[in-house]
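Q: Top line first, the protein sequences correspond to chains A, B, C and D. The working numbering numbers the first residue of the first sequence as 1 and each following residue consecutively. The working numbering numbers the first residue of the second sequence as 256 and each following residue consecutively. The working numbering numbers the first residue of the third sequence as 511 and each following residue consecutively. The working numbering numbers the first residue of the fourth sequence as 822 and each following residue consecutively.
Watch out, some of these pointers could steer you wrong.
As the list claims (entries may be wrong) - Derived, one-sided and incomplete: chain A residues facing chain C with beta-carbon distance under 8 Å:
| hint | residue |
| --- | --- |
| 1 | L47 |
| 2 | T118 |
| 3 | T120 |
Said to hold, decoys possible - Below, simulated SDA-like cross-link-like pairs (lysine to any residue); rule was C-alpha separation at most 25 Å, straight line:
| hint | chain 1 | residue 1 | chain 2 | residue 2 |
| --- | --- | --- | --- | --- |
| 4 | C | K812 | B | Q352 |
| 5 | C | K779 | A | T177 |
| 6 | D | K1128 | A | A209 |
Keep in mind the hints are simulated off the structure, nothing from the lab. Positions of the beta carbon are idealized from the N, C-alpha and C atoms, including for glycine.
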Amino acid sequence: MTQKSDPKFEALLRLGDNALILGHRVSEWCGHAPVLEEDIALANTALDLLGQTSLWLEYAGEVEGKGRSADDIAFLRDAWDFRNVLLVELPNGDFGQTIMRQYLFDVFNRLNLEAMKTSTDTRIAEIAEKAAKEAAYHVERSEGTVIGLGDGTEESHRRIQDALNILWPYAQELFITDEVDEEMAKAGVIPDPKSLQDAWNAEVRGALAEATLEVPEAHFGHRGSGKDGRMHTEHLGHILTQMQWLQRAYPGQEW
Amino acid sequence: MTQKSDPKFEALLRLGDNALILGHRVSEWCGHAPVLEEDIALANTALDLLGQTSLWLEYAGEVEGKGRSADDIAFLRDAWDFRNVLLVELPNGDFGQTIMRQYLFDVFNRLNLEAMKTSTDTRIAEIAEKAAKEAAYHVERSEGTVIGLGDGTEESHRRIQDALNILWPYAQELFITDEVDEEMAKAGVIPDPKSLQDAWNAEVRGALAEATLEVPEAHFGHRGSGKDGRMHTEHLGHILTQMQWLQRAYPGQEW
Amino acid sequence: EPEERHFQEKVDADIRIEPRDWMPEGYKKTLIRQIGQHAHSEIVGQLPEGNWITRAPTLERKMILLAKVQDEAGHGLYLYCAAETLGISRDEMTEMLLSGKMKYSSIFNYPTLTWADIGAVGWLVDGAAIMNQVPLQRTSYGPYSRAMIRICKEESFHQRQGYDIMMKMAKGSEAQKRMAQDALNRFWYPSLMMFGPSDANSVHSEQSMAWKIKINTNDELRQKFVDQTVPQAEYLGLTIPDETLKWNEEKGGYDFAEPDWDEFFDVLKGAGPVNNDRLEARRKAWDDGAWVREGLLAHAEKKRASKVAAE
Amino acid sequence: EPEERHFQEKVDADIRIEPRDWMPEGYKKTLIRQIGQHAHSEIVGQLPEGNWITRAPTLERKMILLAKVQDEAGHGLYLYCAAETLGISRDEMTEMLLSGKMKYSSIFNYPTLTWADIGAVGWLVDGAAIMNQVPLQRTSYGPYSRAMIRICKEESFHQRQGYDIMMKMAKGSEAQKRMAQDALNRFWYPSLMMFGPSDANSVHSEQSMAWKIKINTNDELRQKFVDQTVPQAEYLGLTIPDETLKWNEEKGGYDFAEPDWDEFFDVLKGAGPVNNDRLEARRKAWDDGAWVREGLLAHAEKKRASKVAAE
Chain A
1 MTQKSDPKFE ALLRLGDNAL ILGHRVSEWC GHAPVLEEDI ALANTALDLL
51 GQTSLWLEYA GEVEGKGRSA DDIAFLRDAW DFRNVLLVEL PNGDFGQTIM
101 RQYLFDVFNR LNLEAMKTST DTRIAEIAEK AAKEAAYHVE RSEGTVIGLG
151 DGTEESHRRI QDALNILWPY AQELFITDEV DEEMAKAGVI PDPKSLQDAW
201 NAEVRGALAE ATLEVPEAHF GHRGSGKDGR MHTEHLGHIL TQMQWLQRAY
251 PGQEW
Chain B
256 MTQKSDPKFE ALLRLGDNAL ILGHRVSEWC GHAPVLEEDI ALANTALDLL
306 GQTSLWLEYA GEVEGKGRSA DDIAFLRDAW DFRNVLLVEL PNGDFGQTIM
356 RQYLFDVFNR LNLEAMKTST DTRIAEIAEK AAKEAAYHVE RSEGTVIGLG
406 DGTEESHRRI QDALNILWPY AQELFITDEV DEEMAKAGVI PDPKSLQDAW
456 NAEVRGALAE ATLEVPEAHF GHRGSGKDGR MHTEHLGHIL TQMQWLQRAY
506 PGQEW
Chain C
511 EPEERHFQEK VDADIRIEPR DWMPEGYKKT LIRQIGQHAH SEIVGQLPEG
561 NWITRAPTLE RKMILLAKVQ DEAGHGLYLY CAAETLGISR DEMTEMLLSG
611 KMKYSSIFNY PTLTWADIGA VGWLVDGAAI MNQVPLQRTS YGPYSRAMIR
661 ICKEESFHQR QGYDIMMKMA KGSEAQKRMA QDALNRFWYP SLMMFGPSDA
711 NSVHSEQSMA WKIKINTNDE LRQKFVDQTV PQAEYLGLTI PDETLKWNEE
761 KGGYDFAEPD WDEFFDVLKG AGPVNNDRLE ARRKAWDDGA WVREGLLAHA
811 EKKRASKVAA E
Chain D
822 EPEERHFQEK VDADIRIEPR DWMPEGYKKT LIRQIGQHAH SEIVGQLPEG
872 NWITRAPTLE RKMILLAKVQ DEAGHGLYLY CAAETLGISR DEMTEMLLSG
922 KMKYSSIFNY PTLTWADIGA VGWLVDGAAI MNQVPLQRTS YGPYSRAMIR
972 ICKEESFHQR QGYDIMMKMA KGSEAQKRMA QDALNRFWYP SLMMFGPSDA
1022 NSVHSEQSMA WKIKINTNDE LRQKFVDQTV PQAEYLGLTI PDETLKWNEE
1072 KGGYDFAEPD WDEFFDVLKG AGPVNNDRLE ARRKAWDDGA WVREGLLAHA
1122 EKKRASKVAA E
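If we strip away everything but chain A, and leave its shape as in the complex, we get (with noise of 0.2 Å):
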């Protein structure tokens, strides 16, 4: 229904647009975290996230040929136009959601990365080096602070428990493969999602279950996916309406 693209581009734009949806919705918290420690940290991951977000995006406008550069790509396009998963355009919630959420993605994103390190593209190769070494880190914080919200106080383990009930049907999303992905996969550029999927239950679920934490019967009930563009939830619009406000009221400037 909408014009074919380079699955290449389509599959950097995948990887650009969950990081900078993540990276704004972390961003979000500056200033308002439950303690001095956990703001630089969150702030931290944000700027991580946000440097991952550049590299892929500058390098989808240059796969595309169409002269558009990371900030182009990602001010100047519509919701239908993203391609994230609906996991990181999801509120913040309270600090436990937030951190779930970053869990839930921490986990594929390093399996993620870690595996295009050997990517046939030397680019993507490049950037992976950079970006896993960036989300192990990421994963180690998330992790540890999950168990500890999960095995904490009563009111912890009951909260951080909500967050991944309301979260888990969403990190499904993750898995979907679709030709995109098969594509990618097959020139060995970007591994099929689905070859993660073990590892990626294997671990978070060992860490939930050190957490404390039940893990829910749940999945991914809609057909379309953020990653195609044909889903996203109501959220992706209200974030696009900050994030592009000042090159939307004041298009083609210099800042």
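Based on these hints, arrange chains B, C and D on the given structure of chain A.
A: Chains B, C and D alone, transformed into the frame defined by chain A:
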């Protein structure tokens, strides 16, 4: 510091922007009110306020004489050019804060519109004639609800008292008088806000007493005001990102 | 039994059943489920459209949309009142919605992502709703029938407004056209789902039709909707996202592809994550509003008591 | 007393006072107030800039701003640590901030309304802050002095970034220029207020200077700030909103108008309604975060206990 513009244009912006921004805030409740009847009533208030916005801003555009429509004025100015008081920009808070804000504004609006019915500017007199009826109805509703919540349960009393404490200093801004007000009052176009203050105080303090609420000691501390654009809260800019999104993202289209 | 026979005779003769009349328990139960679900759909249905009120592109569009969502709240009120004549309270029904015991139309588990979606919702979703509702004006239960008559009057107005938005978009700039087509792509199949599964797979249908709680079959209405909508899409210059769509001279209607019923049942059961947002929004409104309802009630009690004391 | 004399001799000889050294109660109290207020200012100061992180116009600007606000949180940490060496905990100081017993710089009760304000905050507010802080690197209390040395290194970097934003705006489109001028108009006088009231009206000043907690007078620093900033504004092509501003050959500095000190005291006392937003934001962060702090603490306790048991 900003270029002087026609005082009647400025005065009309103040009227229009108060209605526009408050209408926007109230419309945010749509689908989220504590009870269905309130959902309908709030939507009604928002509709009236947006209707008043159209009339004021359309006339403002004519007075300015640069061919700007009400929509151009509403959707294509940045924060600094808005002339509403800070009170109407504030987030909705809980329902108590919303209804208290509404009440404090409604009484001012009704008094102001009543006085404008005899404006020397017949267009303003006509708009005021229509809008005053709506405002009278708004006061009736918001006053009744404030009294009901103040003289309701312990919790409802506490919450509406908290709302009053937060909002009272902001309400004082309604009565700041500057050169624009003085000029408009001298020409018999729009009353000096100060001239409405005694009536407002008598009425509002009466109702708050009936609501068993205590009026706090607090004043508006800043010298700049939303009325002259030298002051706004940070909330205004966020309202604009939403409100103006489509007009900014797709400039010059028909909708 | 004579009561049951008498009841059915009245229904067959198109005489309205009123709250005080005798009625079978199953009739009452089915009506509560159906009217309640319809009422909940109006209430939850405020959310996807309400989502764009603060972003409507002009003052006029903002007012039209706000008025429309306000109408939906009003429809919810009519319908809750109709259901209340059957001996269940609005609060009880609300609790059942929030606990997941009662459903709402699963169309509202699809998000409105662009302004064109507001057009598509009016055109397609209200269009499908009207198709369902018009026959229900002749339903056997009096209060329900009267509520539907009031509702239908307003709904057709809403559909025209939705189509008008689509028209502006489809005849607008390239970007607007693309937005309109994208909205149609996303809302087409969910709209077809609104008529429910094929009659072959639909429970309750036969009895409901005998009771005149249901007037047409799901497939009849769906066909009628497609036949009405295809030429409208053509007029707009938009493409229905169904490559198999074709006029069938013989049946005098279009052949078209079925929606993905697995998704339908998934989403209906709440497996689709979007329904979480909807129920959370309604739960939050209900929970956060408790102190307001209690406060106003307490005040009314006090006033009543002091009035009694003064008499 | 000999202790007091010995203490003052060390101060006079520029020997740092360390936490274990004897110090007068007043010295300690004044330091806690001053360092605490400075720490709180870093924390509250995250808010006006944080307000624009989600709206920064490019990815690079977003990262720079985020890193800057992160630095401020870091400065807050250094300063709380310095204050803690005086026997007060971070939590105690936080509670005092939230209850209004301790202040923060009233500059942060002015809102950031446009992107140019982010430039103005960096250029003017950080500029004024550095002017205050550079001499404090030589303050008599060791931990405070060392914190200031680290902070100053980063602050001057921040000021350059702010000036860079202003430059882009002032040399940009008409709208951007207007935005930049508007930001300067709104932030000029509040920046002048940052040095505190004129020395004639300033309490504590003399003793603090003897203790080398304060190095320069408020008026000295304000003059220095104006003299530095005016040519920068000229270079940007922006106009300082002070018609009385004039070079005074004789004193070798500018004559300039005083800010409205009534507003200063009003805003400082919290009469200005904007400070409500700031304290509410901090209160909400603190209250909403209680369960997180408690949860992580409880987990750490459990781990410690099981480790001890295993030993």
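Q: Now, for every hint given, state plainly whether the structure supports it.
A: Evaluated hints:
1. L47: Since chain C brings no Cβ nearer than about 29 Å to L47 of chain A, farther than 8 Å, the hint is violated.
2. T118: Constraint on T118 of chain A not satisfied, violated at 33 Å.
3. T120: 33 Å, violated
4. C:K812 to B:Q352: 23 Å, holds
5. C:K779 to A:T177: 24 Å, holds
6. D:K1128 to A:A209: Holds, at roughly 20 Å.
Checked against the numbered hints above, the structure breaks hints 1, 2, 3 and satisfies the rest.
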